[in-house]
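**Q** Listed below are the residues making up each chain.
Protein chains: 2
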Amino acid sequence: MRLSQYFMPVLRDDPKEAEIVSHRLMLRAGMIRQEAAGSYSWLPTGFRVLKKIEQIVREEQDRAGAIEVLMPTLQSADLWRKSGRYDDYGKEMLRIKDRQDRDMLFGPTNEEMITDIFRSGIQSYKDVPRNLYHIQWKFRDEVRPRFGVMRGREFLMKDAYSFDLTAEAGQHSYNKMFVAYLRTFARLGLKAVPMRADTGPIGGDSSHEFLILAETGESGVFFDRDFHDMDWSAFDIDYDDVAAVEKVVTTFTSKYSATDEKHDAVEFDSRVPKDKQLSGRGIEVGHIFFFGDKYSKPLGCEVQGADGKKVTLQSGSYGIGVSRLVGGIIEASHDKDGIIWPEAVAPFHVGLINIKVGDAEADATSDKIYKALQGKGVDVLYDDRNQPGGAKFAAMDLIGLPWQIIIGPRGLKEGIAEVKNRKTGARENVALDQIVGRFTK
Amino acid sequence: MRLSQYFMPVLRDDPKEAEIVSHRLMLRAGMIRQEAAGSYSWLPTGFRVLKKIEQIVREEQDRAGAIEVLMPTLQSADLWRKSGRYDDYGKEMLRIKDRQDRDMLFGPTNEEMITDIFRSGIQSYKDVPRNLYHIQWKFRDEVRPRFGVMRGREFLMKDAYSFDLTAEAGQHSYNKMFVAYLRTFARLGLKAVPMRADTGPIGGDSSHEFLILAETGESGVFFDRDFHDMDWSAFDIDYDDVAAVEKVVTTFTSKYSATDEKHDAVEFDSRVPKDKQLSGRGIEVGHIFFFGDKYSKPLGCEVQGADGKKVTLQSGSYGIGVSRLVGGIIEASHDKDGIIWPEAVAPFHVGLINIKVGDAEADATSDKIYKALQGKGVDVLYDDRNQPGGAKFAAMDLIGLPWQIIIGPRGLKEGIAEVKNRKTGARENVALDQIVGRFTK
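Sequence lines, in order, name chains P and G.
Quick note: the first sequence uses this note's numbering, first residue 14, plus one each step.
Quick note: the second sequence uses this note's numbering, first residue 14, plus one each step.
Hints should not be assumed to be uniformly reliable.
No copy is singled out in the list; a pair is fine if it fits within one copy or between any two copies.
[As the list claims (entries may be wrong)] Under the rule of at most 16 Å between Cα atoms (straight-line distance), these lysine to aspartate or glutamate pairs were calculated in the EDC-like manner: (1) Lys260 to Glu280; (2) Lys287 to Asp91; (3) Lys275 to Glu259; (4) Lys268 to Asp350; (5) Lys287 to Asp101; (6) Lys110 to Asp91; (7) Lys384 to Asp348; (8) Lys104 to Asp114; (9) Lys322 to Asp446; (10) Lys323 to Glu280; (11) Lys204 to Glu280; (12) Lys275 to Glu431; (13) Lys349 to Asp446; (14) Lys322 to Glu105; (15) Lys139 to Asp397; (16) Lys287 to Glu427; (17) Lys426 to Asp446.
Since the hints were derived computationally from the structure, they do not count as laboratory data.
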């Protein structure tokens, strides 16, 4: 993409309304624009990051055997009255009347709707287990939306829902999502510590939140330093191997970790030596629940068992805050100059800077490298604007692409370009005829 | 995908509520489920088709130089008051009050918001031309939603917005979208005839609708039979070549075509010989508008021109009904047994039917072919359920995958499988060791 033909409205100054670094950087880098309290438009580079995160989330859901569907944003109030949550949910639920005066709402979550869909589509025990998910915009009318996309009102969530014949089988479904979440966050370059957590308005007995550490996190967190030494890589696993899946979950739940709502200071002291006790603040990026028949019972989600008797299904739900992750990753990965994108979610892989637009050789060489990289399928943002070099360097650091290629008359005389790693700051001179190979392995 | 582990709730009988064939077939094939009047959940196969159409639309927008963004579903009423459309839009606009009693609305379209975004992100004439688009759920509170996803209230739309310095440049932007639409619909296997059309609540002077012919269409259409002989293939074009783009538009607008709102019987008679006059009904799948400064003026969307003077930008908007296209394609492509998907948008490329589940050889051979096709990246839906062959054949015809591979004991004795083309009905015996190669070229 040529920056001269793109839309990336970078701000020179820090916007006043931004209290935290991710919000500030997203506004400054021209990734988002506020449309209403807690509601944002995703401008081109922000949209690219959002889509990349969404795709990684999707791939890991699919790998764990979940099946993608898509439910509408607006829901009828009827199902929520059946489950008893219509009144429970309070003012966070955005209630709407349509022109026929019917009660609608903007879905804050989808337990009722998916349970009703599944109920109407199945007959026997052969139709389970299943896990259905969707990635859709939700709305929660927070009293005080803040921190940009971290705590918005309209936000993109992946929510999955499992249906099983028995609580034991349901536990395996829960464990699979637990492992899928570890894999997902690892691919996003994050350490998201699973913690015992409150179930809130979703309900049920068993629940884990996945939190990344950041000073601006909304939850206090307490955990064992040993978490840092665990294997957080996106390990391979056979999801049908019940014992292997359970073993990963056991490993990641055997050490103490809890959010403040569930924290038990006595237990913390007894289980974790003082010098390994860590506490701080965390951002919730995922939350999984097992709630048995809480929704399937009132909504009549049952199948005929092998013995002919009706069985009410056992369910869990599994959420990832896709739009929130954009901010969460920035909170975890930035420096004083701007964002530092992990390669997996960067809006472009390489930024190509022509520092002397108008110079025939600089233009020709930059154009040639741009086209060659594009031809090889490398995502390049090419700064071909006629602007001072300093402004271009600052903008490129701000938007945080993993690599920069810098082309200027001085290097060209020696047949070289400068390649900069955004994360380490390391700079290297690379011969012009080696540049493309460098980024295509 | 193994059907035994999928979620495709096929209905045996025609649902009573469906008045038209696409709605009936989508419900019967388990592609969608109604959640409220004019609001649908997309079940797994329906979702796959929706995503494939979305992706083709996206690729053709990108190719024409449009840049993808994403605006929220809910909008503040303020911008609509500025443009004067807040009151104009009537009851079709779903108005909402949030907990702070602020006036919000579920966006039926985005002219105001994108104009405001663009205004705030640009400075000079160097920042145009641009075309920004998004693919987002919209809501229009129709009095009488009907025909399934063809006339829903919550629907997925691609809407693009162009910004130019002059009306002449704006015309080229309009022409590019015109050509991109021809390409898009051609890739979807559709002939969508461009017709002069009313501009309705969007406004402006110049407007074309793209309509596919179907008895259930909401508009009467009148056109020259010569359209049938035009080149509807997804021809290559250099979008920067103003004359070449204009030539395509001229070709497709030189023949008479109009919806009933714009139809002129006298002109029709004078321009089209009687034996070439066609009329019928059409489904609108795309609509493009050029409206100059209708929105940029009240919203102050202007740049500094080369001479230092302020210039108000010239704009157009360009919509494609992505979710409506799912129904539209079925209206154009089905038979008495069910849907006939064009290859480009089929939920799976091949249906693999094991007609004798439990037979060791049939199971082993089917499994092997399934894995081999998957390994080669072919999308396969594998009917491995223990059900009678007749039900399996009927379901596979109903859901309309382009190809079927049928494995049974009789064929296995001769070392063959049957390959059926859903569209032509042609059947062919293919040696087992040739099957995979057949679908991977």
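**Q** Each of the hints needs a verdict: does it hold here or not?
**A** Here's how the hints hold up against the structure:
no.	hint	verdict
1	Lys260 to Glu280	neither (23 Å within a copy, 77 Å between copies)
2	Lys287 to Asp91	neither (52 Å within a copy, 56 Å between copies)
3	Lys275 to Glu259	neither (23 Å within a copy, 66 Å between copies)
4	Lys268 to Asp350	neither (36 Å within a copy, 58 Å between copies)
5	Lys287 to Asp101	neither (41 Å within a copy, 67 Å between copies)
6	Lys110 to Asp91	within (13 Å within a copy, 20 Å between copies)
7	Lys384 to Asp348	neither (31 Å within a copy, 47 Å between copies)
8	Lys104 to Asp114	between (19 Å within a copy, 12 Å between copies)
9	Lys322 to Asp446	neither (72 Å within a copy, 45 Å between copies)
10	Lys323 to Glu280	neither (42 Å within a copy, 68 Å between copies)
11	Lys204 to Glu280	neither (24 Å within a copy, 69 Å between copies)
12	Lys275 to Glu431	neither (51 Å within a copy, 60 Å between copies)
13	Lys349 to Asp446	neither (33 Å within a copy, 61 Å between copies)
14	Lys322 to Glu105	neither (40 Å within a copy, 48 Å between copies)
15	Lys139 to Asp397	between (59 Å within a copy, 12 Å between copies)
16	Lys287 to Glu427	neither (58 Å within a copy, 74 Å between copies)
17	Lys426 to Asp446	within (14 Å within a copy, 60 Å between copies)
Hint violations for this structure: numbers 1, 2, 3, 4, 5, 7, 9, 10, 11, 12, 13, 14, 16, all remaining hints satisfied.
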